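Got chain A; can you put chain B on it based on the hints?
Here is how the chains run, residue by residue.
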Amino acid sequence: MKEPSVRNRKRLRRGVMAAVLATLAITASADQVTIHKALDVLADKNPFADSVESVPSETSLERLGTEGSWVKVKTPSGKIGYVTSDDIQSPLNLTGVAANNSADLAAASNAGRGLNDDSRDFAKQKNLTLNGLNAMVNTGKAVSRQDVREFGKAGNVGPAKYRNK
Amino acid sequence: MKAFLRNRKSIIAAGAIISAAAVALLLPFNMGGCGVGGIDVGNAVGGITTLGKSASITEKDEPSLGETVAIQVTNRYPVYPDANLNRYVTLVGRTVAASSSMPGIDYYFAVLDTPEANAYSGPHGFVMITRGAVAKMKDESELAGVLGHEIGHICKHHGLDAVHSAMTKQGLVQLAGTSAKFSAFSQGAGALGDTILNTGFSQPQEMEADAEGVKFMAAAGYDPNGYLHLLQRFAAEQGRGVKLFATHPGMNDRVKKIQDQITKMKSTGGATNADRFAANVTLK
Chain A
333 MKEPSVRNRK
343 RLRRGVMAAV
353 LATLAITASA
363 DQVTIHKALD
373 VLADKNPFAD
383 SVESVPSETS
393 LERLGTEGSW
403 VKVKTPSGKI
413 GYVTSDDIQS
423 PLNLTGVAAN
433 NSADLAAASN
443 AGRGLNDDSR
453 DFAKQKNLTL
463 NGLNAMVNTG
473 KAVSRQDVRE
483 FGKAGNVGPA
493 KYRNK
Chain B
14 MKAFLRNRKS
24 IIAAGAIISA
34 AAVALLLPFN
44 MGGCGVGGID
54 VGNAVGGITT
64 LGKSASITEK
74 DEPSLGETVA
84 IQVTNRYPVY
94 PDANLNRYVT
104 LVGRTVAASS
114 SMPGIDYYFA
124 VLDTPEANAY
134 SGPHGFVMIT
144 RGAVAKMKDE
154 SELAGVLGHE
164 IGHICKHHGL
174 DAVHSAMTKQ
184 GLVQLAGTSA
194 KFSAFSQGAG
204 ALGDTILNTG
214 FSQPQEMEAD
224 AEGVKFMAAA
234 GYDPNGYLHL
244 LQRFAAEQGR
254 GVKLFATHPG
264 MNDRVKKIQD
274 QITKMKSTGG
284 ATNADRFAAN
294 VTLK
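If you read the sequences in order, they're chains A and B. According to this note's numbering, the first sequence is numbered sequentially starting from 333. According to this note's numbering, the second sequence is numbered sequentially starting from 14.
FYI, nobody ran anything at the bench for these hints, they're computed from the structure. Some hints could be false.
[What the hints assert, rightly or not] Simulated DEER-style distance windows between Cβ atoms: (1) Thr461/A x Pro217/B: 30 to 36 Å; (2) Pro94/B x Gln478/A: 24 to 30 Å; (3) Ala96/B x Ala370/A: 22 to 28 Å; (4) Ala375/A x Ser114/B: 18 to 24 Å; (5) Ala474/A x Met278/B: 32 to 38 Å; (6) Thr181/B x Ser389/A: 50 to 56 Å; (7) Ser476/A x Pro128/B: 28 to 34 Å; (8) Asp449/A x Pro217/B: 30 to 36 Å; (9) Thr212/B x Glu394/A: 46 to 52 Å; (10) Thr398/A x Ser280/B: 33 to 39 Å; (11) Asp449/A x Thr281/B: 45 to 51 Å.
[To be verified] Straight-line Cα separation of at most 30 Å, DSBU-like style, residue types lysine-lysine; simulated pairs: (12) Lys411/A x Lys377/A; (13) Lys493/A x Lys369/A; (14) Lys456/A x Lys194/B; (15) Lys228/B x Lys377/A; (16) Lys228/B x Lys493/A; (17) Lys73/B x Lys406/A; (18) Lys279/B x Lys485/A; (19) Lys377/A x Lys73/B; (20) Lys493/A x Lys277/B; (21) Lys169/B x Lys485/A; (22) Lys458/A x Lys73/B; (23) Lys485/A x Lys151/B; (24) Lys169/B x Lys151/B; (25) Lys458/A x Lys473/A; (26) Lys458/A x Lys194/B; (27) Lys270/B x Lys493/A; (28) Lys151/B x Lys277/B; (29) Lys473/A x Lys149/B; (30) Lys493/A x Lys279/B; (31) Lys149/B x Lys485/A; (32) Lys473/A x Lys228/B; (33) Lys404/A x Lys73/B; (34) Lys485/A x Lys277/B; (35) Lys73/B x Lys473/A; (36) Lys493/A x Lys404/A; (37) Lys151/B x Lys228/B; (38) Lys377/A x Lys169/B; (39) Lys169/B x Lys404/A; (40) Lys169/B x Lys473/A.
If you're wondering where the values come from, they're calculated on a predicted model, not measured in any experiment. Quick reminder that beta carbons are idealized off the backbone N, C-alpha and C, glycines included.
For reference, chain A alone in the conformation it holds in the complex (with noise of 0.2 Å):
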């Protein structure tokens, strides 16, 4: 077998380097998230947490990672901190949800949170309605991490570190 020519390994280099930097490219495309609402990113995973920046509605984020329910962003102007998966979703309406209605169960799968496709496939297994749990994701969903922050501030409850702020 030939050794390959000091042309063939620059080459062969260029070309991995190539396909390293096409990779992180569509990496870095597929990152960045808009949100659809005017928002604070907190500095810290919880409802609670301190404002780092307050981002207008339709402003593109790049995601650095997800941890929970919790998406670690960077701004446009550089600061770093956290929003919710719910945050960079668009709304979706799950009333009415039933368990043998698949497209209404992939749109429910792919909402972020609601319906995993084993607990679909447990309900229809069991022929159990999935009314209920729809009803407590919808109450969930139209409640944000800033009322959570308005109420506790309101009653003076929430996390030790963050209250009387």
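Same frame as chain A, but now just chain B:
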């Protein structure tokens, strides 16, 4: 020319492998906490296997398990059709959850339409309380205490423990081709629903959830005595033969433990928000 083509193929192949590897590494990072399936059913022998704790349903299945609990509970007791009350309970619950040991997951709350007094939770953030229980409360700290208790079950993964315990008791699980993983999940979810709706968690688990709940509600600024006073009233009613918190037995022992915990905490009180509670809860 041939050598150049061969090398060009190598370059393309190398690039493809690196791209695929990079994407494979990055994808799970963006998947969030909604893992589905992934149930390791262990080593099959002759089509049948046992499901041990180490080789069965794991924490990554908790979001799905929690949903099945919410589905099962709300099929027995529908959600109470009072949007304001459900919203209020969600706000109190999320306030307590923000001070829990798992503040980063999504929590969902519901009031169930039954006069029975009870509360239930499913793994990974599902909490339900009956309107019968809410009707017996006097202020927000009492509600925060019960929700904190249920959040305590979630943070201590008691639901997952119940699945493991039930699967061990049931012993064998029949493997049937591609549906084997779902079969295991379905059995586990059914057993968990039965535990939560009928038999309840064990007494040590109830006490552990009490301790966590008191810790969380106090950390959130609520008066932990609210929970103590509520359980004292429940214990007195149970003593008179009233069926309350049927899946939460041994109320007198729990009251004693909570009393001890509050004494040790040297609590100086906290919020009760009785006015806000009265404004939001109009149940009789």
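Evaluation of the provided hints:
no. : hint                            : verdict
1   : Thr461/A x Pro217/B: 30 to 36 Å : holds, 34 Å
2   : Pro94/B x Gln478/A: 24 to 30 Å  : holds, 26 Å
3   : Ala96/B x Ala370/A: 22 to 28 Å  : holds, 24 Å
4   : Ala375/A x Ser114/B: 18 to 24 Å : holds, 20 Å
5   : Ala474/A x Met278/B: 32 to 38 Å : holds, 35 Å
6   : Thr181/B x Ser389/A: 50 to 56 Å : holds, 52 Å
7   : Ser476/A x Pro128/B: 28 to 34 Å : holds, 32 Å
8   : Asp449/A x Pro217/B: 30 to 36 Å : holds, 34 Å
9   : Thr212/B x Glu394/A: 46 to 52 Å : holds, 49 Å
10  : Thr398/A x Ser280/B: 33 to 39 Å : holds, 37 Å
11  : Asp449/A x Thr281/B: 45 to 51 Å : holds, 49 Å
12  : Lys411/A x Lys377/A             : holds, 15 Å
13  : Lys493/A x Lys369/A             : holds, 27 Å
14  : Lys456/A x Lys194/B             : holds, 16 Å
15  : Lys228/B x Lys377/A             : holds, 20 Å
16  : Lys228/B x Lys493/A             : holds, 15 Å
17  : Lys73/B x Lys406/A              : holds, 27 Å
18  : Lys279/B x Lys485/A             : holds, 24 Å
19  : Lys377/A x Lys73/B              : holds, 20 Å
20  : Lys493/A x Lys277/B             : holds, 21 Å
21  : Lys169/B x Lys485/A             : holds, 28 Å
22  : Lys458/A x Lys73/B              : holds, 23 Å
23  : Lys485/A x Lys151/B             : holds, 21 Å
24  : Lys169/B x Lys151/B             : holds, 28 Å
25  : Lys458/A x Lys473/A             : holds, 27 Å
26  : Lys458/A x Lys194/B             : holds, 17 Å
27  : Lys270/B x Lys493/A             : holds, 27 Å
28  : Lys151/B x Lys277/B             : holds, 25 Å
29  : Lys473/A x Lys149/B             : holds, 28 Å
30  : Lys493/A x Lys279/B             : holds, 19 Å
31  : Lys149/B x Lys485/A             : holds, 26 Å
32  : Lys473/A x Lys228/B             : holds, 27 Å
33  : Lys404/A x Lys73/B              : holds, 21 Å
34  : Lys485/A x Lys277/B             : holds, 28 Å
35  : Lys73/B x Lys473/A              : holds, 22 Å
36  : Lys493/A x Lys404/A             : holds, 21 Å
37  : Lys151/B x Lys228/B             : holds, 20 Å
38  : Lys377/A x Lys169/B             : holds, 20 Å
39  : Lys169/B x Lys404/A             : holds, 26 Å
40  : Lys169/B x Lys473/A             : holds, 25 Å
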